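Given chain A, put chain B in place with the hints provided.
Protein chains: 2
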Amino acid sequence: MDIKTFNGDFFIPSNAKTAFVLVIATTDVSLIPGITVAGATPELTHFTPAADAEFLIKGKCFVINTVPVTPTGIPTPAIISRASLELVKIPKFVVNAGSRVKPNLPFIDLGGEPGKDIRRGSMERETADRLIKNGITLGEELSNAFDFLIIGESIPAGTTTAMAVLVGLGYDALDKVSSASPENPKDLKRRVVLEAIKDLPSELLLKLAKLSDPMLLGVAGIALGFKGKIMLAGGTQMTAAAAIIKEFDKEKLKNIVIGTTKWIINDPSSDILSLAKDIGIPILAAWLDFSNSRFEGLKVYERGYVKEGVGAGGSSIYAISKGYTATQILQKVEEIYESITK
Amino acid sequence: MDIKTFNGDFFIPSNAKTAFVLVIATTDVSLIPGITVAGATPELTHFTPAADAEFLIKGKCFVINTVPVTPTGIPTPAIISRASLELVKIPKFVVNAGSRVKPNLPFIDLGGEPGKDIRRGSMERETADRLIKNGITLGEELSNAFDFLIIGESIPAGTTTAMAVLVGLGYDALDKVSSASPENPKDLKRRVVLEAIKDLPSELLLKLAKLSDPMLLGVAGIALGFKGKIMLAGGTQMTAAAAIIKEFDKEKLKNIVIGTTKWIINDPSSDILSLAKDIGIPILAAWLDFSNSRFEGLKVYERGYVKEGVGAGGSSIYAISKGYTATQILQKVEEIYESITK
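Residue numbers (the working numbering), protein chains in the order written: chain A, 0 to 341; chain B, 0 to 341.
There's no promise every hint is true.
Since the list can't tell identical chains apart, any single copy or any two copies may satisfy a pair.
In silico DMTMM-like cross-links for lysine to aspartate or glutamate, where the CA-CA straight-line distance does not exceed 25 Å [as the list claims (entries may be wrong)]:
(1) K57 with D248
(2) K101 with E42
(3) K16 with E139
(4) K249 with D8
(5) K321 with E334
(6) K132 with E85
(7) K57 with D128
(8) K57 with E125
(9) K197 with D128
(10) K59 with E139
(11) K101 with E112
(12) K331 with E139
(13) K57 with E123
(14) K245 with D186
(15) K245 with E123
(16) K88 with D146
(17) K115 with E194
It is worth saying that the hints were derived from the structure and are not from the lab.
As the structure is a computational prediction, the values presented were derived from the model and not from experiment.
Bound conformation, chain A alone (with noise of 0.2 Å):
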């Protein structure tokens, strides 16, 4: 099969009633210019949470003309995500915990705020308590139809505040995130996250209000409130979710496995595994391959462009354990990329 599996075992339930669910959020940490290619420019990435959901969706964008890109043109990975469900179709449900531009679409709203530069300002403690709590009931209320979900992520600068959390809680996390860039600007992301964990409040709450991006804080509240078992879809910024759910109730972990691909456990700038293994949480990553790919803005891939986003890991791993193989999902992939393209 596709998919490899680090750091223990864990095992998709087989017929379990699955659901895909994106968090979508913002953080003014990716208007820090350099910090993050998820978006054409800096400004543009406050439209690709939006954007990532839309596609995800429906298959075009409406908050801006095309899909999202890296300022050298790269796609989304968001066409990923949406090549597997649609191969396995699967409900898919945006939760907005909070997102300076709102997709034009039926979105869950989880009452939060768009997150502040992490250097400066603090979300309110109230706020990440609502973030948390409305989190809660909905992983509750999803419990009563589904068995297992599949949660995935869209926030540009994700990972820096994903470091910012992890470092928080007193991991050894310092430049161990991943980049959607080959070029991975460490110094930078460590500057911002040395800046602003000084002066650190020690209640748990006003720390996670300090650092943590809005998606994190609703990603572990529905996790949290679900009953079933929970795939943690992207890279290095799902251990900053899985750190914090640890946090409030460490044997949620038991239930919980991160998703991600082949391209970030590959990268040399970032150790995923490290990460999880001090939290204690094991990791699935689908084996996709596009060296082969008719698409240069695939091929890419392979030379740790992009790596992962919108669940993309998660979603393909989802698609090979129902019986597809990585190959029919680059076709699908590549079916998607050329309709966007031409």
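This is chain B only, laid out in the frame that chain A set:
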């Protein structure tokens, strides 16, 4: 069985994966003194939908200190919906079609806006269009998880906007809609509707933007997008939702039933049976009997107070279809009633 059928047959699919959707909204029509009792004062009616949603999901209200009550203190029919849905344990989704007050809960937002006073203002055409389109998208997405949808509503003064829509679409509906009060303020409703339908645009969407409330458009959209069977859970308002659905897709009505209460069927001040017959839609009614209740606030249902709302009839019908009796539902309702009044 404690369900009666009118105007044709409808079979609740057995073993269907079922969800309950509560669509909430407000209209400034509810601020017209005397038009509705769905709130202790006209101003408080704007809190009722959010509070109903909170009570349904969490068993308590946050936007107001107590459950919504009529000016004489009779509590919301949400207690019946909560009782029935506690028995059958299906997932519940709150959908905001345009409510002035938002619930402190995760809810699905359709991108609508609170409704205006239909005598003076109109919704923007594009808002009406967005509500229908986002509703369709949501319905389509829910089809990936569910075979049967129960759609309830909470919107004070919704019977007046329902009458306006029905009259505007050419139905003989004047004076035929119900009320949460045993003294249906028919003259006032008639005056409001006759003023609203003056100089009515001929295009369907503009007509609906002028006369409809956001809830009806949201419900119609969800139903239009959903692929399985649907129960519109409400009183005479749901005939207006069905009439809107019929304008867009006549065939769709084959999969739709209205699910309501005995108190709506027996209401001498309204005529749901003739409305449903004109539209061509069957009705199921939960034959609940509160006459021997221990609580005066429930006994008054038998004298025409409250009657229906928040999907009370439809959720009771669903519970009955799963083997619970009307007596068991009353017991559960009394349990909840006792907990909120002590």
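Which numbered hints fail: 14
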